[in-house]
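Model the placement of chain B on the given structure of chain A, informed by the hints.
Below, each chain spelled out in residue letters.
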Amino acid sequence: DAKTTQPPSMDCAEGRAANLPCNHSTISGNEYVYWYRQIHSQGPQYIIHGLKNNETNEMASLIITEDRKSSTLILPHATLRDTAVYYCIVRSRVGNTPLVFGKGTRLSVIA
Amino acid sequence: DTEVTQTPKHLVMGMTNKKSLKCEQHMGHRAMYWYKQKAKKPPELMFVYSYEKLSINESVPSRFSPECPNSSLLNLHLHALQPEDSALYLCASSQLDGNQPQHFGDGTRLSIL
Chain A
1 DAKTTQPPSM DCAEGRAANL PCNHSTISGN EYVYWYRQIH SQGPQYIIHG
51 LKNNETNEMA SLIITEDRKS STLILPHATL RDTAVYYCIV RSRVGNTPLV
101 FGKGTRLSVI A
Chain B
1 DTEVTQTPKH LVMGMTNKKS LKCEQHMGHR AMYWYKQKAK KPPELMFVYS
51 YEKLSINESV PSRFSPECPN SSLLNLHLHA LQPEDSALYL CASSQLDGNQ
101 PQHFGDGTRL SIL
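Protein sequence lines, in the order shown, are assigned to chains A and B. Going by the working numbering, the residue at position 66 of the first sequence is 66; the numbering climbs one at a time, nothing skipped. Going by the working numbering, the residue at position 104 of the second sequence is 104; the numbering climbs one at a time, nothing skipped.
Isolated chain A (complex conformation) (with noise of 0.2 Å):
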């Protein structure tokens, strides 16, 4: 089962900043946390992820809570392209542990 919860869905005015949360109150101290999204007749795309540190790449930043309960990705300037289904994953950091998907949040981005 999926560790984490998400909002079924979010609007975005295109340009805004989008934030999408993420609650993970189980969360071990082995387990990163993982974003991706899917673009409708795509696979999943992967983000970025983080284990205990705000992290920020090309695509998106991501803030951690300090607890580690709940995070949120950033998406800072949204375009059409950004509307897509995002996935908030936790996975363990040891081995080869598989993603486990959740329902995601379907964030629409709203010219």
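Hints are computed from structural coordinates only; laboratory data are not their basis. Check each hint, because a few of them may be wrong.
What the hints assert, rightly or not - A few chain B residues facing chain A, derived, Cβ under 8 Å: (1) E24; (2) L90; (3) Q102.
Just so it is clear, CB atoms sit at the ideal spot from N, CA and C, and this is done for glycine as well.
Same frame as chain A, now just chain B:
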């Protein structure tokens, strides 16, 4: 563009047919995965291969038969499928390290008549 290539992109087959889905990666990854995704649902794990050996089978019916002939290739052999098996079948690969992401192909959309 994806670095995991899946063929065919679309497949229509009858319930008595035998077909195979193929997946290829050239990133040197030693773990490969099959997922099944029904419409408007998240992907569900089916199989995991580590070093070309089956390490996880999520109680998948025997009409789905995976094969990993080498570290770059992953097949899914299909036989006597049911209409409810119609779905998007996704392949992924990764290093054997939880700090490395899984990379997904764009899937094969399978329709069973």
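Now the hints, each set against the structure:
1. E24: Violated, because the Cβ-Cβ distance from B/E24 to chain A comes to roughly 14 Å (cut-off 8 Å).
2. L90: Holds. Min distance 5 Å.
3. Q102: Given a least distance of 6 Å, the restraint on B/Q102 holds.
Going down the numbered hints, you'll see the structure goes against just number 1.
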